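Visitor: Here's the letter readout for the chains.
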Amino acid sequence: MAEEMRIVLRNYGKIDPLKIEDYINAGGYKSLAKARGLSQIQVIDEVKNSGLRGRGGAGFNAGMKWSFSYNTPADQKYVVCNADEGEPGTYKDRIIMENDPHTVLEGMAICGYAVGATKGYIYCRGEYPYVVDVLNKAITQAKAQGVLGDFDIEVRMGAGAYVCGEETALLESIEGHRGEPRFKPPFPGVAGLWGKPTVVNNVETFANIPIILEKGADWFKGIGAPKYPGTKVFTLTGDVVNKTVFELPTNMTIRDVVFGMGGGVAGGKKFKAVQIGGTSGGFIPESMLDTQVDFDSMNAIGATLGSGAVFVMDETTDLIDVIERITKFFEHESCGKCTPCREGTKRMHEILKKINSGKGSGADIAITERLGQVMTRACLCGLGQAAPGPVLTTLKNFRPDYNAKLG
Amino acid sequence: MADYKEIISAYKDLPGGIIEAYHAIQKEYSYIPEDAVVAAAQAFDISKARAYGVATFYSYLKVGKRGKNVIRICESAPCHVAGADKVVAALEKELGIKMGETTEDGKFTLEFTECVGQCQATPLITINSKPYGDVTTEKIPGIIAEY
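Taken in sequence, the protein lines are chains A and B.
With this note's numbering applied, the first sequence closes on residue 407, and no number is skipped along the way.
With this note's numbering applied, the second sequence closes on residue 147, and no number is skipped along the way.
Bear in mind the hints are in silico, worked out from the structure with no lab data behind them.
Every value quoted in this text rests on a predicted model; they were computed, and no experiment measured them.
For glycine and all other residues, C-beta sits at the position ideal for the given N, C-alpha and C.
Hints should not be assumed to be uniformly reliable.
[As the list claims (entries may be wrong)] DEER-style ranges, computed between Cβ atoms:
hint: 1; chain 1: B; residue 1: GLY142; chain 2: A; residue 2: ASN61; range: 42 to 52 Å
hint: 2; chain 1: B; residue 1: LYS48; chain 2: A; residue 2: GLU315; range: 50 to 60 Å
hint: 3; chain 1: A; residue 1: ASP290; chain 2: B; residue 2: ARG50; range: 25 to 35 Å
hint: 4; chain 1: B; residue 1: MET1; chain 2: A; residue 2: ASN136; range: 18 to 28 Å
hint: 5; chain 1: B; residue 1: MET1; chain 2: A; residue 2: ASN61; range: 48 to 58 Å
hint: 6; chain 1: B; residue 1: LYS98; chain 2: A; residue 2: PHE60; range: 38 to 48 Å
hint: 7; chain 1: B; residue 1: LYS48; chain 2: A; residue 2: ASN403; range: 21 to 31 Å
hint: 8; chain 1: A; residue 1: ASN403; chain 2: B; residue 2: MET1; range: 53 to 63 Å
hint: 9; chain 1: B; residue 1: GLU94; chain 2: A; residue 2: GLU315; range: 31 to 41 Å
hint: 10; chain 1: A; residue 1: ASP150; chain 2: B; residue 2: LYS98; range: 52 to 62 Å
hint: 11; chain 1: A; residue 1: THR316; chain 2: B; residue 2: THR137; range: 18 to 28 Å
hint: 12; chain 1: B; residue 1: LYS98; chain 2: A; residue 2: GLN76; range: 46 to 56 Å
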């Protein structure tokens, strides 16, 4: 039976998020002081050795990311917190920021010290103006207490563009431009915000940093799956009993998440599918529920851990209808910069609409599969590359649902 | 109501501040007046095309008049399966307008949105960004009456 383990959410419900005294009394900002007593390299090595990998979806070693910025000399460097949580079904970053904003600020300040950056930005999605208020209050308190030292943090608001979750699109948006992804390389670690070395990490990644500094890399490395250690914050939605947030070690299984913590399918109905990682995640059938939720195990079954969104669908769900809706989402959110995504998402939606209305044929299925393969390989950024995922995984795992709709 | 020129000038020295300026204007007006885009272009020293390009790229920003209270209905997959279509029908009936339209008295505008990150309580709407979760047909008149 799965048991919750709160590392990121260690202060959830225990402190008043709007009182810095509460956070400090719970041991807050001690890790930042500790980090400043170490050399920059020692801090980076501690994070690197902990094995912490990015919690935004890409799963890159966080300490490694920091080392790129550290190793690039510049007159100004930046730390950016990606709080543009836009994956449908995801609300974990909101929960973290609403309940423990200072742990995010502390994580950013530790990163700032480690890489030599004096300025941080939190890019928070425009749909969360109430979270922006919490963050600004927390920053004001931290400045008044002097805990951040020479590290300055400013909140910038997104404005409803899913693509801005992609780190280079996010940087474009902070600079005041349309949120269109950049070509990589150079990566932001070397040339990011205003061309300066920039570390971009997710809210949940930063929230892990203070406790790693406090308890050490070895402690963290011992939790969860060896190659993706630590915990993951999951948010449940759809036809599940407990539509809520919880945090589990990464060696738990999908079944632990859906049927353990999630309490199973709502209304006594049977399980049909679960989509994990947000709306770009793969659709997982019952036969794969015993897969571990860590990054690599999920990839091995053609699924993703992604943002940790868990969207459960019961036996009455019309999967093809859901897939049509998802393809509409990507058509809407494609920024239009690269052709395979701009045209691909549009055509994908068109074909799925046709199939869902009962007018599709076997030829449509074949072309959908081919289009999906092209997009996965040819799109400029993660949005377009991941967009066909739900279509391709349902074609693989739920083919009878398509066949039943063909005209 | 604060003049949009004053709002813009408060942000013009902020690096990349045009989006923050647009947010501030929209908070005051509930939309971005066309002329404010031109004024922003001048203040931030960019072309009108670029200022307009930024304002129209982001779905949270709206150039041109709309209602005082903006009701947005989430249509992302979790809300979709939870019955967002019923919420749409009920709101259209209650306000006597279709999605994308504004009531005659200028009080309400109905819009679709993608996920707003409150998926523990689907289906969901927001009014001026305030979320209302687990929305049912029965709850709608009460919610509307708050405005």
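Visitor: So, for every hint listed, does it hold in this structure?
Guide: Checked hints:
no.: 1; hint: B:GLY142 / A:ASN61: 42 to 52 Å; result: 50 Å, holds
no.: 2; hint: B:LYS48 / A:GLU315: 50 to 60 Å; result: 54 Å, holds
no.: 3; hint: A:ASP290 / B:ARG50: 25 to 35 Å; result: 52 Å, violated
no.: 4; hint: B:MET1 / A:ASN136: 18 to 28 Å; result: 23 Å, holds
no.: 5; hint: B:MET1 / A:ASN61: 48 to 58 Å; result: 50 Å, holds
no.: 6; hint: B:LYS98 / A:PHE60: 38 to 48 Å; result: 45 Å, holds
no.: 7; hint: B:LYS48 / A:ASN403: 21 to 31 Å; result: 52 Å, violated
no.: 8; hint: A:ASN403 / B:MET1: 53 to 63 Å; result: 58 Å, holds
no.: 9; hint: B:GLU94 / A:GLU315: 31 to 41 Å; result: 33 Å, holds
no.: 10; hint: A:ASP150 / B:LYS98: 52 to 62 Å; result: 54 Å, holds
no.: 11; hint: A:THR316 / B:THR137: 18 to 28 Å; result: 20 Å, holds
no.: 12; hint: B:LYS98 / A:GLN76: 46 to 56 Å; result: 50 Å, holds
Violated hints, in rising order: 3 and 7; the structure is consistent with all others.
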